[in-house]
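> Here is how the chains run, residue by residue.
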Amino acid sequence: MRLPRMLAAGAAIATVGALAGCGGDDQASDGQVELTLWARSNSVPDDVQQLLDEQFPDYEITFQDIPDIEDKLRAALRSKSGLPDVVVMGGSLPSFFSVSDQFLDLADEAAASDAVDWTLDLGLTPDGKQLTLPTDIGPWGFFYRADALEALGYPTEPEAVAAEIDSWEAYRELAEATAATGQYVCDHAGQVYQARLAQQGYAYFEQQDGEAVNAVDSPISHDAFVESAALAQDGLCTNTEPYTPEWNAAMTQEDIVAFVGPAWEDGLLQSAGEQQSGAWRVTTVPGGPAATGGSYVAALAASDHPDEARELAAFIGGAEFQKAGYLDKGLFPASTGVHADPEVATPQDFYGGQDTLGVLAQTAAEAPLVYQGPNSGTVAAQFFVALNDLASSDEDPAEVYESLLAATAEL
Amino acid sequence: MTQTATTRRPGKTTTPQLRKRRSLLRYWREYLAISPFFILFAAFGLFPLLFAVYLSMVSWDGLGDIEWVGPDQFVRLFSSGEFTHALGNTVIIFLTAQVPVILASLGAAALLSSPKLRARGLYQTMFFLPQVTSIVAVAIVFQSLFSNEYGIINAILEGVGLSSVPWMTTEWGVRLVVSIMIFWRSFGYFVVIFLAGISSIPPTLYEAARLDGAGSWRILRSITIPMILPTVAFVAVTGTISGFQIFTEPQVLTNGLGGPNDSVVTMMFLQVRYMGATLQTVPTDLGFATAIGWGIFVVLILLAVLNARVIAKRRKELS
Numbered sequence: 001m002r003l004p005r006m007l008a009a010g011a012a013i014a015t016v017g018a019l020a021g022c023g024g025d026d027q028a029s030d031g032q033v034e035l036t037l038w039a040r041s042n043s044v045p046d047d048v049q050q051l052l053d054e055q056f057p058d059y060e061i062t063f064q065d066i067p068d069i070e071d072k073l074r075a076a077l078r079s080k081s082g083l084p085d086v087v088v089m090g091g092s093l094p095s096f097f098s099v100s101d102q103f104l105d106l107a108d109e110a111a112a113s114d115a116v117d118w119t120l121d122l123g124l125t126p127d128g129k130q131l132t133l134p135t136d137i138g139p140w141g142f143f144y145r146a147d148a149l150e151a152l153g154y155p156t157e158p159e160a161v162a163a164e165i166d167s168w169e170a171y172r173e174l175a176e177a178t179a180a181t182g183q184y185v186c187d188h189a190g191q192v193y194q195a196r197l198a199q200q201g202y203a204y205f206e207q208q209d210g211e212a213v214n215a216v217d218s219p220i221s222h223d224a225f226v227e228s229a230a231l232a233q234d235g236l237c238t239n240t241e242p243y244t245p246e247w248n249a250a251m252t253q254e255d256i257v258a259f260v261g262p263a264w265e266d267g268l269l270q271s272a273g274e275q276q277s278g279a280w281r282v283t284t285v286p287g288g289p290a291a292t293g294g295s296y297v298a299a300l301a302a303s304d305h306p307d308e309a310r311e312l313a314a315f316i317g318g319a320e321f322q323k324a325g326y327l328d329k330g331l332f333p334a335s336t337g338v339h340a341d342p343e344v345a346t347p348q349d350f351y352g353g354q355d356t357l358g359v360l361a362q363t364a365a366e367a368p369l370v371y372q373g374p375n376s377g378t379v380a381a382q383f384f385v386a387l388n389d390l391a392s393s394d395e396d397p398a399e400v401y402e403s404l405l406a407a408t409a410e411l
Numbered sequence: 001m002t003q004t005a006t007t008r009r010p011g012k013t014t015t016p017q018l019r020k021r022r023s024l025l026r027y028w029r030e031y032l033a034i035s036p037f038f039i040l041f042a043a044f045g046l047f048p049l050l051f052a053v054y055l056s057m058v059s060w061d062g063l064g065d066i067e068w069v070g071p072d073q074f075v076r077l078f079s080s081g082e083f084t085h086a087l088g089n090t091v092i093i094f095l096t097a098q099v100p101v102i103l104a105s106l107g108a109a110a111l112l113s114s115p116k117l118r119a120r121g122l123y124q125t126m127f128f129l130p131q132v133t134s135i136v137a138v139a140i141v142f143q144s145l146f147s148n149e150y151g152i153i154n155a156i157l158e159g160v161g162l163s164s165v166p167w168m169t170t171e172w173g174v175r176l177v178v179s180i181m182i183f184w185r186s187f188g189y190f191v192v193i194f195l196a197g198i199s200s201i202p203p204t205l206y207e208a209a210r211l212d213g214a215g216s217w218r219i220l221r222s223i224t225i226p227m228i229l230p231t232v233a234f235v236a237v238t239g240t241i242s243g244f245q246i247f248t249e250p251q252v253l254t255n256g257l258g259g260p261n262d263s264v265v266t267m268m269f270l271q272v273r274y275m276g277a278t279l280q281t282v283p284t285d286l287g288f289a290t291a292i293g294w295g296i297f298v299v300l301i302l303l304a305v306l307n308a309r310v311i312a313k314r315r316k317e318l319s
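Line order of the protein sequences matches chains A and B.
Just so we're aligned, residue 1 is where the first sequence starts under UniProt numbering, counting upward by one.
Just so we're aligned, residue 1 is where the second sequence starts under UniProt numbering, counting upward by one.
Incorrect hints may have been included.
The calculated SDA-like cross-link candidates involving lysine to any residue, where the alpha carbons are at most 20 Å apart (straight line), are [what the hints assert, rightly or not]: (1) LYS80/A with ASN307/B; (2) LYS72/A with PHE44/B; (3) LYS80/A with PHE44/B; (4) LYS80/A with MET275/B.
To be clear, the hints were calculated from the coordinates, so they are not data collected in a lab.
With these hints in hand, go ahead and build the complete structure from the sequences.
Pasting the structure below:
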């Protein structure tokens with residue numbers, strides 16, 4: 001009888017152990033403050049652990065690299081368990097506004113921050129809670145090759161180019177001129193479309209009394225959609241999406257000689273366009289400055305150490321951290337202190353000695369705030385997919401626009 | 001259990017219910033010993049299943065308030081056209097990928113099992129290699145191969161004077177690329193399974209057939225296939241189920257866009273969209289995603305039953 005009993009007891013212990021393994025609420029035993037940070041490794045500096053350990057020698061900070069961070073965060077918020085203390089996330093912030101009670105208010109940290117104003121406002125909920133601080137942002141630039149523009153008789157210096165190609169009509173003329181020589185200044189119509197919306201501060205919804213009101217039916221989206229689709233349908237774009245093998249191929253074959261894109265595509269450009277180093281320049285996007293958000297840091301209310309979590313969030317949203325991110329990975333800083341830092345604002349060899357930070361920082365400062373509703377991302381994705389499909393079909397963009405209006409009217 | 005319970009003669013006053021409870025208590029050690037499976041099954045099998053029943057009756061973005069909608073999600077499943085479109089896409093990809101790959105791998109296994117073949121292990125390894133390659137890496141290679149403007153295939157076609165094919169921007173083009181990818185990837189897996197089945201056939205049968213003057217085709221039809229019918233049944237059922245759960249290939253190949261007019265949005269792809277995929281073209285609704293899950297479940301059950309029937313009938317014909 002003894003053996004079965006021991007076996008039974010063993011099985012029971014194993015079961016309890018297995019089930020307890022699902023919980024995993026490890027507590028700090030020695031009284032030291034333990035903080036967990038979730039981030040995508042490509043949205044933080046290379047040596048993030050070392051940086052944090054040096055800054056906070058008294059805290060034990062665990063950095064976890066989470067590639068699908070928004071999904072993981074949503075799952076953890078849903079179950080209210082396994083949450084980190086601090087998180088660096090991207091994507092659509094308004095989708096988290098409905099659970100703003102699960103986040104700490106970073107109002108004091110925002111007041112002390114030197115970030116560009118609108119980037120702070122992105123993390124402000126309708127009832128005035130500061131959910132996030134910006135870490136990196138996406139001012140858009142018109143990236144071009146000076147040699148290609150010169151061959152077409154255009155000016156080559158960034159300021160002169162911005163003055164010459166100051167509207168989307170002028171951009172289209174340039175696109176036609178380059179396409180005639182078998183090269184392109186448009187990689188994907190969706191990029192032009194996004195820039196055009198952002199520079200109008202438009203993202204399909206308007207804020208009225210704290211509520212997001214559907215404003216999809218607007219001349220802004222209509223004109224941007226129809227004219228961007230025309231670029232693709234008239235054969236003026238390579239129809240390659242950034243971060244795909246095709247884009248890289250188009251770049252190495254020197255088909256793309258200019259494009260509009262957010263600042264973070266700098267890293268992509270420098271690797272794909274390695275052989276064209278020195279020829280590239282950046283200037284303001286035609287039609288005026290445009291910028292979109294990048295990554296944000298937030299602190300969770302479930303943290304055992306809310307004050308320390310806020311302190312960590314403020315550091316990640318601060319100048320020193322963002323400077324490291326810019327120098328390591330080209331993550332464009334939200335902090336105006338970094339924009340003015342002489343160590344960072346230096347001539348770049350890849351851009352023929354141009355100080356690219358300067359022009360993009362100016363764009364960031366002048367760009368309008370883009371108000372995002374909870375469904376802005378969904379509508380944007382539908383329009384993007386439609387533009388992608390239109391590039392290879394002979395459907396009328398205006399008709400497709402009408403059908404998109406119908407499909408998104410209820411959102 | 002009732003037989004053993006009588007060994008401890010219960011008093012006349014005890015009711016049958018009490019007797020039953022006592023006998024249950026009496027075997028607590030045994031119950032405890034088998035409990036790990038049931039506890040784990042309840043936590044990871046039964047509970048999610050029951051929760052899925054509940055979830056399919058609500059509308060929920062995963063974060064905000066849960067809204068009870070009753071059978072609306074199932075009405076939407078059939079009326080919105082999205083699910084039927086996805087089912088159609090899945091059937092097309094299944095018919096153009098999974099069916100040919102099973103037939104081709106059966107033929108290849110028959111050839112590979114020829115006793116005269118040398119370096120069999122080398123072929124097996126070569127065929128099996130795609131199966132253990134990262135599917136995402138494979139998808140990126142296929143993107144590079146079939147890209148409209150910058151693809152190697154189109155470059156070759158143009159090189160020999162043919163016109164290039166818009167693989168990635170036409171509905172049938174992108175479906176074909178997905179099918180080729182699935183074919184290439186799962187070929188080796190099925191070959192290995194069929195080879196295992198064939199190796200269990202006694203060689204005497206083949207010897208006898210050859211003495212009777214049977215040719216290769218006749219041997220394949222009359223000996224190999226009937227003898228490996230259980231393997232065929234296994235491959236047919238698992239192949240059908242996995243074929244109807246295609247997701248990664250079309251998702252990665254189209255960068256999450258789903259191809260022109262959603263032509264490669266399979267049932268699983270659609271479900272993931274509603275679960276809140278990174279490129280969100282629809283508002284997240286876990287309720288509808290769960291209803292899609294039930295739809296997939298019913299389709300798979302029907303196919304499994306159909307498969308079993310066909311195999312049983314064939315078996316009867318042979319015996």
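> For each hint, tell me whether it holds in the structure or not.
We went through each hint and held it up to the structure:
no. : hint                  : result
1   : LYS80/A with ASN307/B : violated (44 Å)
2   : LYS72/A with PHE44/B  : holds (19 Å)
3   : LYS80/A with PHE44/B  : holds (19 Å)
4   : LYS80/A with MET275/B : holds (18 Å)
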